[in-house]
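K.L.:
Sequence:
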Amino acid sequence: MHMLCRLVLTLTVFSQGIFAAEMDQKINKPDTRPNVVLILVDDLNDYQGIFGGHPQAKTPNIDKLAESGVRFSNAHSNVPVCQPSRNSMFTGVYPHRSKDFGWEAHYKIKGLKDNKTLVERFNETGYYTLGTGKLLHSERQNLWQKWGMNRNHNYGPFYFDGETMGAVPTVPTPYSDIGAVDGGYGRLSDVGQSTGEKDAIGWVYGWDKKPFRYVNDNNRSKTQDELHAQWAIQQLEQLARQENKPPFFMGVGFVRPHTPLYAPDRFFDLFPLNSLIIPPWLAGDNGDTFLKNNIAADSKGLNYYKQLLASYKGDREIAIKHFLQAYLACISFVDEQIGKVLNQLDSHPKLRDNTIVVFTSDHGWQMGEKNYLFKNSPWEESTRIPLIIRLPGNPHNGRQVAHPVSLIDIYPTLADYVQFSANHQKSNQALPLGGHSLRAFLENPATQMWQGPNGALSIIGNFGGSMKEWRPAKQTYSYRTKNWRYIRYANGQEELYDHQNDPYEWHNLAYQPKNQPVKVKLRRQINEIIGEELEVSDVTSITVQ
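Mapping of the sequence shown onto mature numbering (1 follows the signal peptide of the UniProt record, and there is no 0): residues -20 to -1, 1 to 525, in sequence order.
Hints in this document: simulated from the structure, not taken from any laboratory.
Given the structure is predicted, the values throughout are model-derived calculations rather than measurements.
Accuracy of the hints is not assured; some may be wrong.
As the list claims (entries may be wrong) - Capping the alpha-carbon separation at 30 Å, the derived lysine-lysine pairs in DSS-like fashion look like this:
(1) Lys126 / Lys320
(2) Lys494 / Lys44
(3) Lys93 / Lys330
(4) Lys462 / Lys44
(5) Lys9 / Lys225
(6) Lys293 / Lys280
(7) Lys454 / Lys501
(8) Lys90 / Lys126
(9) Lys272 / Lys499
(10) Lys189 / Lys293
(11) Lys38 / Lys202
(12) Lys406 / Lys88
(13) Lys301 / Lys44
(14) Lys202 / Lys88
(15) Lys88 / Lys38
(16) Lys454 / Lys494
(17) Lys202 / Lys44
(18) Lys280 / Lys189
(19) Lys330 / Lys9
Said to hold, decoys possible - Between beta-carbon pairs, the in silico distance windows are:
(20) Asn323 / Asp396: 22 to 32 Å
(21) Asn196 / Ser118: 29 to 39 Å
(22) Gly472 / Leu250: 38 to 48 Å
(23) Pro40 / Ala426: 21 to 31 Å
(24) Val500 / Pro14: 41 to 51 Å
(25) Gln492 / Gly106: 48 to 58 Å
(26) Gly378 / Pro14: 18 to 28 Å
(27) Lys286 / His328: 46 to 56 Å
(28) Asn403 / Trp450: 23 to 33 Å
(29) Asp396 / Trp187: 37 to 47 Å
(30) Asn403 / Pro40: 35 to 45 Å
(31) Gln214 / Asn481: 48 to 58 Å
A virtual CB, placed ideally from N, CA and C, is assigned to each residue, including glycine.
Given the sequences, and given the hints that come with them, work out the whole structure.
P.N.:
Laid out in structure tokens, this is it:
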């Protein structure tokens, strides 16, 4: 009996030793899950060489990334304005679910505040999270384990005249009267020299008026986006030297080409005014459209267009060229910053070969088409965004996906590849996730087996229905499939564009009898996504205004 007890004890200790050894092996085993670098740009439409939005765009670094990843050529924002777009993307919740299409922080919105953001999901899954720049519009920096630069400096530099901040003196009125952010565009040299002294006339970093020194392009302070790139490079260098550390999720939020459109002179020199090609435009194109019937006459997009033309004595070509030059210059500028980060990542094979890169924008930008200069419109220029996902070792890198997708699909895609360890809910008040993983396209760009919808759905922000009696079916929607764009406004009016024959959306076909079956089909697809029946007006023809 004594021997038997000793044998049992010996076997118990032995088995415990094996278990402990197995646990030690698991504990000490390197975590091989992929790192993730998310590069998010602000107000960037499809004006990149690889996406073909403007023939003179110069974006070698974005183009290079597309050649090494999978490019989604028909990707769209779910709400084409900054705050709600980012809220939706980072929580994985459709805006029509959250009733969020204004400028409210995600953590203040009923329902949405009970959903975990991407950052929180990465944190609880054991990832090291670090970020800088404009990611969530209203950033809670303590969501990240390590944070970069003060977000108050994201939008500048601004011009300070000694009393107030505004547009640089070279911007004519009345456009400059719009203000320091949306009313500003031009070269850094347009202000002359800035001493970098407190309260001196010249450039300042942000709303706190921290001085920004400028002598010339080669002797100046770094801009915000340059500082974000510098910070990201430093972090990647440190991460590359670390051994047996957890995988990381890094977010880098670049602000350009968001207004004010300021950049060093050499980027403006890439786009001489006299040789600029303005985007295709059809006089009177807004006559068969209905956005103007659903928003106030002084809404930003309508007003900015009028103010810009008035600033150049009604000469549309000259006016658009001045703004376009600044927009293209800022895109080339931010492309250079993106290249710095990617070059640093790719210089370390250990990082490069185990890091997913996601590059995209929160929404596009309307460059005067349909007499509208802004975002937050239901048309192609405003909703279409660049989207590139690079998976290490993916044999399909370099290929294109033509199927419509949207920002709502990024959350489930990363969840799919990273395998988040907990659910998305902070409480039972959390809203359901939307979107579908893009894995099927990443592993076969021509697949017909994706489980997501046939088109990309956008809700148009901050108007189009009463928030007192809020219903999804009472909002303004834009729905883009491979061949069509269908728009249903809050007042029931409709637009329909055939992208095979009308890529610039010049001809509204919504009220042609032969197209009624197309409208019914597309409305039904929207109904399936929002869970309600869209209502339409009883108008049967268009009166061109």
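K.L.:
Tell me if the straight-line CA distance from Lys494 to Lys44 falls inside 30 Å.
P.N.:
Given that 30 Å is the threshold and the Cα spacing comes to 43 Å, the pair is violated.
K.L.:
Is the straight-line distance between the alpha-carbon of Lys462 and that of Lys44 30 Å or less?
P.N.:
Answer holds: Lys462 to Lys44 is near 25 Å, not above 30 Å.
K.L.:
Is the hinted range of 21 to 31 Å satisfied by the C-beta distance from Pro40 to Ala426?
P.N.:
27 Å, holds
K.L.:
Check whether the Cα positions of Lys301 and Lys44 lie no farther apart than 30 Å.
P.N.:
27 Å, holds
K.L.:
When you take the CB atoms of Asn196 and Ser118, is the distance between them in 29 to 39 Å?
P.N.:
Check passed, 36 Å falls within 29 to 39 Å.
K.L.:
At the C-beta level, are Asp396 and Trp187 separated by a distance inside 37 to 47 Å?
P.N.:
With a Cβ separation near 39 Å, Asp396 and Trp187 satisfy 37 to 47 Å, so the hint holds.
K.L.:
Holds or violated: are the alpha carbons of Lys90 and Lys126 at most 30 Å from each other?
P.N.:
Holds, because 28 Å separates the two Cα atoms, which is no more than 30 Å.
K.L.:
For the pair Gly472 and Leu250, does the Cβ-Cβ distance stay inside 38 to 48 Å?
P.N.:
Given range 38 to 48 Å: holds, Cβ gap about 45 Å.
K.L.:
Taking 30 Å as the top limit, are the C-alpha atoms of Lys38 and Lys202 close enough?
P.N.:
22 Å, holds
K.L.:
When you take the CB atoms of Gln492 and Gly106, is the distance between them in 48 to 58 Å?
P.N.:
56 Å, holds
K.L.:
Could one say that the CB atoms of Gln214 and Asn481 fall in the range 48 to 58 Å?
P.N.:
With a Cβ separation near 50 Å, Gln214 and Asn481 satisfy 48 to 58 Å, so the hint holds.
K.L.:
Starting from the range 22 to 32 Å, see whether the pair Asn323 and Asp396 falls in it by beta-carbon distance.
P.N.:
28 Å, holds
Of the numbered hints given earlier, the model fails hints 2, 3, 10, 14, 15; all others are met.
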